[in-house]
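All chains, full assembly: derive it from the sequences and hints.
Number of protein chains: 2
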Amino acid sequence: MALVTAQMSVSLDGFFSGPNDIDAGFHRVTRWVIDTLAWRERLGFEGGESNANSELIAELQAATGAYVMGRRMFDVGEVPWGDNPPFRAPVLVVTHRAREPLSREGGTTFTFVTDGIQSAIEQARTAANGKDVAISGGGDLLRQVIRAGLLDQLELHISPVLIGDGMRLFDRADHDAVELSPTRTVHTPGVTHIRYKVNGPSTLAIDDRGRGASGAALARRADLP
Amino acid sequence: MALVTAQMSVSLDGFFSGPNDIDAGFHRVTRWVIDTLAWRERLGFEGGESNANSELIAELQAATGAYVMGRRMFDVGEVPWGDNPPFRAPVLVVTHRAREPLSREGGTTFTFVTDGIQSAIEQARTAANGKDVAISGGGDLLRQVIRAGLLDQLELHISPVLIGDGMRLFDRADHDAVELSPTRTVHTPGVTHIRYKVNGPSTLAIDDRGRGASGAALARRADLP
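Residue numbers (the working numbering), protein chains in the order written: chain A, 7 to 231; chain B, 7 to 231.
Quick caveat, the hints were computed from the structure, so don't treat them as lab data. Where is the CB? At the ideal position from N, CA and C, for every residue including glycine. Among the hints, erroneous ones may be present.
What the hints assert, rightly or not - Okay, the calculated beta carbon distance ranges per label pair:
1) B/D182 / A/L108: 39 to 45 angstroms
2) B/S109 / A/G155: 49 to 55 angstroms
3) A/G155 / B/E111: 49 to 55 angstroms
4) B/Q124 / A/G136: 56 to 62 angstroms
5) B/E84 / A/D182: 31 to 37 angstroms
6) B/G122 / A/A68: 36 to 42 angstroms
7) A/D89 / B/S56: 55 to 61 angstroms
Here it is as structure tokens:
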């Protein structure tokens, strides 16, 4: 069964870039990707390391049959991606502005979807031809997909740096809690990859398992890691 | 060489509790601790699981010779910890209010330090007698210790849940980036433990490794995980 997946590189303090789109914070957080052979080959760049990170990128590229992205991300990327964008697959762009589809070299097509995220994901599922649908981002689209209960799998790539400020993947939000299960962890010297299955919404509750049989006081923060 | 360490349980969206001190969000995030045999034994509670999480708690208890905590955390804990607090070691409380030391059963002593964090850590180091000094928190104290360059090792226990709102371990902060290195990852079904060595401050820079030899446009977010 094909999945709706998402991947995001984040700093240890939860930012996927600094305060601007493409800035020093973004470069630091995504450095592990830039250095991989798999990513550089896809972009036609020289060099790159063949390691666990590169295998992970290659795995992602192979598993994904179509992408869904937000309009703002498309606007930022349209020109720099050029004639041969790195997706090599159908890309569904969620937007309020209708536009003719755009065909590029290498198999990348951009289709503009004006009737919402769920429709974009359904169209991507058909276009993916049995492979996974990847939510490319940005953060806002990804959060909406999670809240709508449409995401099956989330993989975070945690770069070991505190950048202090920027764009948060998970900002404060007024919604039910969402439970996940970690299904895979890949530990490398420069980044930690954690893959999660998304289980769905849950209601948090006070629980008294930290209260002894004697009725001893509830455990307090200081004695808990 | 003894280390200055810190541990914190956080949700996947970066909160160590919900909006209040001891609330449903806090209980969810720290559930993995409450369920361990090692923690329950220390508190005198029945039950508990003997698993990788419990080993990790036991390891932490054995490695730590003294604790440093903020005044607010002490205020919240003083009464519920009771006559036999779970630390069983010297605890240095960073505060502005002088107070006589407090001796409890089981080896826990609270000493109130009014001349700052660095002094508290130095006193804890002496008291720890060759073992590690653990920063107990709260979040504010931990952030100050990191910013002051006084933390050697940070271990995060990432609970697989988005709680949406609460107290953030890492809030927005106007400081240099801080680089870390992941040194150990322990994957369990209910929580992911990542241990970091803290390397120190660094200045983030735009880098052009994502730019091809041909001068191709800098890689854009959408084609990066």
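Let me make sure I understand: some of the numbered hints might not hold for this structure. Which ones are they, in numerical order? 6
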